[in-house]
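Chemist: Take a look at the letters that make up each chain.
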Amino acid sequence: MPNPKKMEKINLRTNNRIELIDITDKVQAIIAKTKIKDGICFLFCPHTTAGLTINENADPSVQRDITNTLNKLVPEGAGYAHSEGNADSHIKSSLFGSSLTKSRQAPRLGLGESERVRSNFEEERIRGKLYAWR
Amino acid sequence: MPNPKKMEKINLRTNNRIELIDITDKVQAIIAKTKIKDGICFLFCPHTTAGLTINENADPSVQRDITNTLNKLVPEGAGYAHSEGNADSHIKSSLFGSSLTKSRQAPRLGLGESERVRSNFEEERIRGKLYAWR
Amino acid sequence: MPNPKKMEKINLRTNNRIELIDITDKVQAIIAKTKIKDGICFLFCPHTTAGLTINENADPSVQRDITNTLNKLVPEGAGYAHSEGNADSHIKSSLFGSSLTKSRQAPRLGLGESERVRSNFEEERIRGKLYAWR
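Chains as they are written, first to last, in the numbering used here: chain A, 1 to 134; chain B, 1001 to 1134; chain C, 2001 to 2134.
Some clues are possibly wrong.
[Said to hold, decoys possible] Derived lysine to aspartate or glutamate pairs resembling DMTMM-like cross-links, with alpha carbons at most 20 Å apart:
1. A:K72 with B:E1076
2. B:K1033 with B:E1008
3. B:K1072 with B:D1025
4. A:K33 with A:E19
5. B:K1026 with B:E1008
6. C:K2009 with C:D2025
7. B:K1072 with C:E2076
8. C:K2072 with A:E76
9. B:K1035 with B:E1019
In case anyone wonders, no lab produced these hints; they're calculated from the structure.
Treat the numbers as computed from the prediction; the structure is a model and nothing was measured.
Excised from the complex, chain A in its bound form (with noise of 0.2 Å):
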């Protein structure tokens, strides 16, 4: 059994700049692993432009209404001072935040049907790494 006091690390890898991936499954993994029935979920995502969010997964248009606002609200290219080309990933970053505090409560992760975790807007297509306490 996992010593639940550890935290455990999901990789993603992402295939497009602005994108939401569904890690429900991961992380449910990692708490059924723990064998733990009841409790509270910890997810960090280390990366500065990406973020962490649960919206609905039923409809998958949800996620392109999600993506699509964001970058109407923060368009990439907007005349950043930032030279790397991913300012705009790094403000909805900050937008949506990088932690998230969740009811564990094994085999599932508490959450509904249609509610799913994500991780969301990686600028490039990088080796990512999620930080989900247990």
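Chain A is fixed; fit chains B and C onto it per the hints.
Modeler: Using the frame of chain A, we list chains B and C on its own:
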């Protein structure tokens, strides 16, 4: 005395499409019941069309400014793909976030006079559930 | 050795209406004092005109891009109802959020070279208080 490790539910009914509901007293009541003097309070909102925030309540105009600005940034019916008519609420939910970590000092939540915890932007008159860990 | 269950205060003074203040060293110093090697750090900002975020600090232009974009999205003096002149800061506070949950690995906070915790968009030169749980 309630089990401080168990999650408590707060049930809410919204009255308007977009609104901020003050849940401070409900959270305080749960904290007071635990008889714990010092600790951390975790709040989680399981609805993907609602979120949690702490902001000023002394002057109700702050609430109006927050909801008006959110409606300007993410308007209702702005050509979203999601067919349920509540895409804006899903997006607002991700911007505000669904979890809060707060100092809990019985019998007060550790908030000043003018700060209150809010649940916000429910898009319809639903019976909401807010989860407060204790 | 400090009590790891007790909350520590970080006092800050802001110099500009809207700014990001790097509080990483102050948080690290508190973590180092606890002598705890592995755990979770809770940060809470009790001011409703300020918020918390983690973002890049290697290139200071990211900070400017963040504050400039926030000012575009939520401008000062845009016809708000709140009469104190700081409605935009209240709204920015709700967008960024007032709590952060972070891995704490003594003596480091678990942040990479370029990531720093920030307290931001204070609207006036106040003596702020940031609460760091340990």
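Chemist: May I ask which of the numbered hints given earlier this structure violates, with the numbers listed in increasing order?
Modeler: Of the numbered hints, 3, 4, 9 do not hold.
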